[in-house]
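Student: Protein chains in written order, with this note's numbering: chain A, 18 to 466; chain B, 18 to 466.
Hints are computed from structural coordinates only; laboratory data are not their basis. Watch out, some of these pointers could steer you wrong.
It does not matter which identical chain is meant; a pair holds if it fits inside one copy or across any two.
To be verified - List time: in silico DMTMM-like cross-link candidates among lysine to aspartate or glutamate, alpha-carbon distance up to 25 Å:
id: 1; residue 1: 286; residue 2: 332
id: 2; residue 1: 256; residue 2: 84
id: 3; residue 1: 394; residue 2: 277
id: 4; residue 1: 304; residue 2: 277
What you are looking at is a predicted structure, and each value in this text was computed from that prediction instead of being measured.
What follows is the residue order along each chain.
There are 2 protein chains.
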Amino acid sequence: MQDVFDYIERHRDEYIRWLQALCRQPSVAAQNRGMAETAKMVEGLIREIGGHAKRIDTSGYPVVYGEFANDKKKTLSFYNHYDVQPEDPVELWDSPPFAAEIRDGRIYARGVADNKGNLTARLAAVHAYSAVRGGLPLNVKFVIEGEEEIGSLHLREFVDAHRELVQADGCIWEFGYKNADGSLQASFGVKGMCYVELVCRGANTEMHSSHAAVIENPAWRLIWALNTLKTPDERIHIKGFYDKVAALSETDIEVLRQMDYDEESTLEKFGLDSFVLGLSGLPLKEKLIYQPTCTVCGFQSGYTGQGKKTVLPSEARVKLDFRLVPDQDPFEIFRLLRRHLDEHGFADIEAIPYTMTYPARTPLDNALARSVVRTAKQVYGTEPTLKPMSPATGPMYILCQRIGIPAVSVGVGHFASNNHAPNENIAVDDYIQGIKHIAAIIEDFAIQE
Amino acid sequence: MQDVFDYIERHRDEYIRWLQALCRQPSVAAQNRGMAETAKMVEGLIREIGGHAKRIDTSGYPVVYGEFANDKKKTLSFYNHYDVQPEDPVELWDSPPFAAEIRDGRIYARGVADNKGNLTARLAAVHAYSAVRGGLPLNVKFVIEGEEEIGSLHLREFVDAHRELVQADGCIWEFGYKNADGSLQASFGVKGMCYVELVCRGANTEMHSSHAAVIENPAWRLIWALNTLKTPDERIHIKGFYDKVAALSETDIEVLRQMDYDEESTLEKFGLDSFVLGLSGLPLKEKLIYQPTCTVCGFQSGYTGQGKKTVLPSEARVKLDFRLVPDQDPFEIFRLLRRHLDEHGFADIEAIPYTMTYPARTPLDNALARSVVRTAKQVYGTEPTLKPMSPATGPMYILCQRIGIPAVSVGVGHFASNNHAPNENIAVDDYIQGIKHIAAIIEDFAIQE
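Pulled out of the complex, with its shape left as it was, chain A reads as follows:
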């Protein structure tokens, strides 16, 4: 592989330019900003490096589908997305979120880690391998959707309508990180999600807060309702919530025991003294990987500007994100939540479903996993950390497990990449290393049985 690796090093600046160009094009799905332009740009890049590409319409944003070679025995697919999270709070960024500025060996941009760095690294790997070897040893497919950050609303519809396009012998999933110690993580699953907004309404107008002695306050009602959902012991009190959480096997525990999680670096990075409930070691890792969550992502009511304003709010809204583990069903969780609110005297609180994603896991022993691990040792020089499931979420079940495709996730981020947060970044060297790793996987997976 040294010939391909050398080629990648010589084209280093070009591949960085690809990434910067893509990051400088905003593509915020939640706000419908720059989506068509970005899809077109990605389609153009695939064509430029010799692939067949098309934008395939869905009921939402189009999927960019790309294909390289089509006469080989084996097929490897890549799942990525061209949309990014909103960039606010923009005042906390040290450089503009869409400037893709390089400082101290890192590229800073909204989406550079999630997910544009991985997308261009994979395209660069295909480009380099083809250029050096005159072709690819297996068929390569790219499924690049535009709605991952808003819950992959139409991916199931796409997969069902284009089953032959997504069929593959293995899929490299969209994300991946280095641990604090520099070793690579390989993930074999994702948590599911039930993302909901709760809306509590009071009077038909905001009013002077002197009325609050006798008029109900929707902010208080929402606080009381939330308090019935989860208590400071981190227990979620929705009846039936934990019923389908799969028991852990001895292997699950063993993998968890060997999984790296650098507690000290994590606490230091985030300026914290301890984790929730003072957890550490195996129980901490078990909570991170195998336990579902109920997270307040946003709360808004009344006057939140400068200074004081004495108002009684007319509405209160909370955005809640439940991360689910096998075999929880997001639709069932939503029904249980609705029933919980009804039974606790909060039938008036509206629950608006946003995202419903099933959790997913691939067994650790399969051909693609073996290729990923073997080539990781070759490129990174150390054994990768195996993560049975990522605490993050994605539509892996719809695109992979549901139709029998093994999925493994590796990528160019690091443990402080600040996904979804200000100053999102990746290291330039990790990016180049990631390109080499994908090139090596392409070669290795082609000859694996």
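We have chain A; now place chain B onto it with these hints.
Tutor: Frame of chain A; chain B shown alone:
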């Protein structure tokens, strides 16, 4: 008085223009918008109608002090303010908040009810009375501050430094309303206030919500902390909170029993089915007038924009307004709140004090009260409703009760004036009637023993 009333009717359009001009000048103290311009405008108006006026500096916004006549036996003072609340949410206004548009007999503007309508009505009354009678039968003083909506932060300093300027035999307080049945309210006190912002901090940055399994969420912590403060039964659980609440005398109950509160109109106006705890009748009025409150005026954490964003917030903030009744002490309440948070495991939550206002009450039987009631019957044709205390707040204690001045509050608002809320308004006819009422009080109070 018919001569003065006729003069007021003839000058109706002029007095409306005064009010519109003042409303078109924004004066948002919380945001330091237009404060100097407004103080100058008010000072100019007093001079234009023949008074002595000066802007007196404080450590905050200046007080505009005005004086008419100074050789009479008796002195009547007026307390008003030239600052207004912020106008947001501006999208809920049917006309621009500073346009002072007249529609269907009402003037709509931020501050028109609170407090610019009362301010110009009182100046208009002085103008009309002086014009018709060639002078005033008593000394008149205006104390017009610029910080009422941000808690009258420097009024105590002003009163202490200018005791002789504020001395009077009676004070007409800043606000007043008509009930839903068209009768006039006269108030004899105000609730106090302890306004606080609570800030709960988590990690040093917002992060991807997949971390929420193991990293503490400041939004959840603030929700749990708030839940310990007040429960759905409306009981406030801060130890010692109710200790200084004065017991009600038989007279207090009797006045309350006679006090008008139109439950049906209030519920209908605000689109509600019931009051808190399903209260009605005397218990409802008792809660409104004699019970302290704890109100969430604003709550902000994490992502509150359009669509979904899966973040773990780094901070959560709530603005809390405690309305206090005699003899609660706002400074003591703040100390009790701090102790409560500490004792319930929330020592890390910062409590920022904004406003500390003492509650105040004037006995119902005094010369000014008799003048107000007698002239109200003359102008409005019906007996006014006596309100032993308003559920609203103001610095009455500092300017009146503390230095022995009886205070009564009447004004030109109505029960649906939307103070502090979108579409704040007063009826043009109420404004003109209010001018007549003040003119009549000036004559009547001058001859009262």
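Student: Look at each hint and say if it fits the structure.
Tutor: To see whether the hints hold, each was checked on the structure:
1. 286 to 332: Answer is between: at 16 Å across copies they meet the 25 Å cutoff, but 36 Å inside does not.
2. 256 to 84: neither (47 Å within a copy, 69 Å between copies)
3. 394 to 277: within (16 Å within a copy, 82 Å between copies)
4. 304 to 277: For residue 304 and residue 277, only the intra-copy Cα distance (14 Å) is at most 25 Å; the inter-copy one is 58 Å.
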